[in-house]
Amino acid sequence: MRDPALFQEAVQTLLQGDIDAGRAAILDYINATLGFEKLSAVLGRPQKNLMRMFGPDGNPTAENLLGVIGVLQAETGVHAQVRAAADSARARRNRDLSIRERTAVPTALKFAL
Numbered sequence: 148m149r150d151p152a153l154f155q156e157a158v159q160t161l162l163q164g165d166i167d168a169g170r171a172a173i174l175d176y177i178n179a180t181l182g183f184e185k186l187s188a189v190l191g192r193p194q195k196n197l198m199r200m201f202g203p204d205g206n207p208t209a210e211n212l213l214g215v216i217g218v219l220q221a222e223t224g225v226h227a228q229v230r231a232a233a234d235s236a237r238a239r240r241n242r243d244l245s246i247r248e249r250t251a252v253p254t255a256l257k258f259a260l
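242 is the number that this note's numbering gives to position 95 of the sequence shown; each next residue is one higher, with no gaps.
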């Protein structure tokens, strides 16, 4: 089962900084697609560790989180493309910002099957 909307919600929630909700959404997506048994086999990590990582008290490292997202993309065929996007008001303000400050613009996601 591929559900681009569920994957999009999970990744977007993480990018917006709501880590708990994003982690829970990734958990839902794993359960709706691969399941932890297959994810464990592909990643070569114990199933229980992965389940804890995305559980209520989980705290996955960036390496683990990105690894899981990469496997989910490869196995489900749903791919996220992240790009910087600025609204017109922010774009006007950005003309006066340094390059370092300008890089902190909201992200937009594009999902493809």
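It is worth saying that the hints were derived from the structure and are not from the lab. The C-beta atom is built at its ideal place from N, Cα and C for all residues, glycine as well. Mixed in with the good hints, there may be bad ones.
[Claimed, not checked] Taking CB as the label site, the calculated pair distances span:
#  : residue 1 : residue 2 : range
1  : 185       : 226       : 13 to 21 Å
2  : 230       : 166       : 16 to 24 Å
3  : 231       : 188       : 15 to 23 Å
4  : 152       : 221       : 18 to 26 Å
5  : 213       : 185       : 13 to 21 Å
6  : 188       : 230       : 19 to 27 Å
7  : 150       : 208       : 33 to 41 Å
8  : 182       : 231       : 30 to 38 Å
9  : 202       : 164       : 17 to 25 Å
10 : 199       : 222       : 17 to 25 Å
[To be verified] Cross-link-like lysine to aspartate or glutamate pairs, in silico, EDC-like; alpha carbons within 16 Å at most:
#  : residue 1 : residue 2
11 : 195       : 184
12 : 185       : 222
13 : 185       : 175
So, going through the hints one by one against the coordinates:
no.: 1; hint: 185 to 226: 13 to 21 Å; result: holds, 18 Å
no.: 2; hint: 230 to 166: 16 to 24 Å; result: holds, 22 Å
no.: 3; hint: 231 to 188: 15 to 23 Å; result: violated, 35 Å
no.: 4; hint: 152 to 221: 18 to 26 Å; result: holds, 19 Å
no.: 5; hint: 213 to 185: 13 to 21 Å; result: holds, 18 Å
no.: 6; hint: 188 to 230: 19 to 27 Å; result: violated, 32 Å
no.: 7; hint: 150 to 208: 33 to 41 Å; result: violated, 25 Å
no.: 8; hint: 182 to 231: 30 to 38 Å; result: holds, 34 Å
no.: 9; hint: 202 to 164: 17 to 25 Å; result: holds, 20 Å
no.: 10; hint: 199 to 222: 17 to 25 Å; result: holds, 21 Å
no.: 11; hint: 195 to 184; result: holds, 9 Å
no.: 12; hint: 185 to 222; result: holds, 10 Å
no.: 13; hint: 185 to 175; result: holds, 15 Å
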